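Colleague: Place chain B on chain A using the hints.
Respectively, the protein sequence lines represent chains A and B. For the record, in the first sequence the residue sitting at position 406 is 406 according to my numbering, with numbers rising by one throughout. For the record, in the second sequence the residue sitting at position 10 is 1010 according to my numbering, with numbers rising by one throughout.
Covered stretches of chain B (chain A as the covering partner; in silico rule of three or more C-beta atoms under 8 angstroms from a C-beta of chain A):
| no. | segment |
| --- | --- |
| 1 | 1050–1056 |
| 2 | 1079–1092 |
| 3 | 1106–1113 |
| 4 | 1129–1135 |
| 5 | 1146–1156 |
| 6 | 1211–1223 |
| 7 | 1269–1277 |
These are calculated hints, taken from the structure and not from any lab test. This one's a predicted model, so the numbers in the text were calculated from it and none came from an experiment. Where is the CB? At the ideal position from N, CA and C, for every residue including glycine.
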Amino acid sequence: MSIELVLIIAFGGAFLTYFFGKISYKLRDVFTVLVSCVLPVLIAYLYGKDLENTFYVGFLGLPLLLRLNTLSWFFALTVSAVGALSIIFSLSYIRGRERTDFYYLMMLLVNAGMLGIVLSGDFVTFYIFWEIMSWSAFLLISYNRGPALAAGMKYIVMSIVGSIGMIIGILSLYTRFGTLIFSELAVVIASSSPGYILSLLLLFFVAFGIKNAVWPFHTWLPPAHSEAPSPFSAVLSGVLVRMGMYGFLLFFYGIVGLKSFLGLGRGLLSFHYILAWIGAINIVIPTFIAMLQNDSKRLLAWHGVGQGGYMVLGTAIGTPLGLIGGTFHIVNHTSYIALLFLVVGAVEYRTNGVRDLNSLGGLIKRMPITFIGALVGACGLIGVPLTNGFVSKWLIYKTLILERYPFLAFAAFIGSWGTILSLYKFLHNMFLGQLPEKYKDLKKAPFTMQLPILVFSLVIIVFGIIPGIPLKIINTIGTSFRFESLQITIWGIASETGTLNTINIFVAIVAACIIVWLVSKAGKRSIPVNQADSYAAGASVPADKYHYTVDFYNPLYRMITPFLRDFVDEFYMKLAQWTRGLGNGVRRVYTGDVGNYVIYILLFLALLIFVQVKWSIW
Amino acid sequence: MKIAQIILSPIIAFVVGMFFLGLARKIIARIHWRYGPPLTQPFIDIIKLFNQTSVSHGGLFNLGIILSLSGSIVLVLFLPIGNFHPLSGSGGMLVILYLMLFGPLGIALSGGEAANPNTSIGISRKLILALGYEAPLLFILLAAMIHNNTISIVEIVRAQQEAGWALLTFPMVVPGIAYLLILPAILGKRPFELVGAAQEISSGPMVEFGGKRLAMVNIQHAFSMFIGIALFVNLFLGGSSNPGFFIIKMLVVFIVEVLINAVFPRMRIEQAFRYLWRWPTLVSFAGLVLVMIMGR
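The shape of chain A in the complex, shown without the other chains (with noise of 0.2 angstroms):
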């Protein structure tokens, strides 16, 4: 009955909060939160539950089911506190806005629509909460007009490309087996050929990599990310598009299984090993990519395509190590790049919009809570150790070298360099160096909009300091997959061939910190100056705009801007191109004008009599 109660008061909620918004807007505000803060409350209290019950019979003749294991209970957490916080971000980013009762149905309904896809038990159910959460997620990234307009139709038609691929797969799957539910498909599919499982696999991998932003597919997410409000942007790229990973763990997983899935083909040219390749090639090139946006969101949009590679890379390469890194992968890919997002949209709300890299800089002055965020999330994204972003690289890269995938290491190593550098420009050009005149009465980030970045910022250190705790729950999703169990401690892991311990780390780190703090203090004290009053080699320091940020690596992006062109994404658009020409080809033709098709019928039988009469075959 639980699982029912979850969605109904996801559902419930988004279309009641429409109504109260019609009534009041404090109203529908208070009902809001309350409504997307009960859901993880409620997901939580439901841990350790495996479930499953039928609550629709008579669809096609087929039952509906809803289930809960460990792996949906851990997506939909994730899913739920990420839609909470970002909900509480917008109660200031969206306030004056026109059409904010229809944008707070959007959010509830896009948190709702995932909820269920991740709590369905068969591929009817599944499919329905795809479809509302493809298309609600529509229109929240078109909710800005303009250029969101273009970016949320290339989204949606991708969209429906991976749906007509998932549908085939699903039909397929009911004319062989008769069922759609995953428990049953899981037991008779292991039966089949290794080639009807390929073909399958190909389908879903359209049907999921598209949502997953998987290289070739990634091309509709860095528009759509850019173009969409802050707070969604944080839900898109945090857990929406790792909907698709969800969809990949459970059908590679859940119900094709470990041994068949390993199975398929040999050597190089098995599904799995191609499969990790195109995890390397979706970290190294989007990251590289990221270096030379100017735009703040698009940046951190092309690390979220980044940052995918790392997961599919993870869970591809089919060791436990593996599964784990990428999975713990997903859930702290979630925490820094919503928290990254977020911070980008409280600039945007003081700043009046302003996402240039190029006109910003400074703010740390004026926005230290949000700078804080900004470095935490950067610190994630990166890996650095204390992060949780480190854990889940760490035990990825492991598996690889002892693997001997020393090629796949690289790529997943030098992603992690070409990160540096663009959150290094990300942070510098925003938050450090010269204020510019403008910006000198900034105010703080409203309190609606600090604490969600202080929350995500915290979960990043915990993660990241005691990463036994989620790496338990990962465990038991691993053995779930039957795959080995490994020995999970709190501070990490711990084998023969090399142990992980965060808690060493940062006691030495802290250690270190505090020794060379202390030999700091010893030495004179420092008069603080302004940031007028710095070094310019006697010359005066000019006060509006004396901020290194145009072009920040320009030399490197001279010598690799020739190799980085995104020759998909033209493609497509050539593709696109030359649709609408044959779209307005046939329009020459079907003019819609009632007399040129009397024209064309007598034209019709005009030939048909005079090929009578010339040949007479009839």
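Modeller: Chain B only, in chain A's frame:
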């Protein structure tokens, strides 16, 4: 025993690093036909700088440099110095790779708040240079890890004590040569001394540091020099069974680097990056391929 090692390792690194800085000045002076400052000059400078007044540009400016130096200190605990390797069981080589980040990142954050374009240009160069040498370095480290099938640097050292120095055995000699090619870039010595180019960008990231902060930057520099050379000695010169021999091996490598430093002019950043992603990367890539083919 472990606690003694934890206390001793950073002290060894500090003393040896500072001594190397003094020695470098002395050797270069002799090449220039000068007498040069005494070997203890860096220590004297540090004590002097701690007693000078400095400026502060804000909280992150003060904090970043502390973070940078403590990251380097912790890193020393993960690196085997002879038989001293107190923390290397807590994460192995992968932690070393990531802790190497703290040094430049801390200085970059600290320098960023100083609001001086010279700093930003210097940091931009440092990060590009780091990306440049990181590609071959990753190939080298991967070759070493794959060759010994471990992620622990202690295991790599132990394997060499049985099989001989990696620099003298095939195929590990190939990545070893690549490491020698990038070592000046890791240490920030000429021809790659473009981060703190004093004549062009007023010592880059260091321009706003003075007094005790300049002293800490100098100490950090000594530490990072120690780390770059110690990594090479551990990976390719067989480490050592006690810190004494280890430091002698380091000294030899260091003197070679100082001689290179003394005779080369400075590259531009484009030239440096192009060089690093061409020859060292090719050699180290070939090394990794050879290791993959030869092993198992």
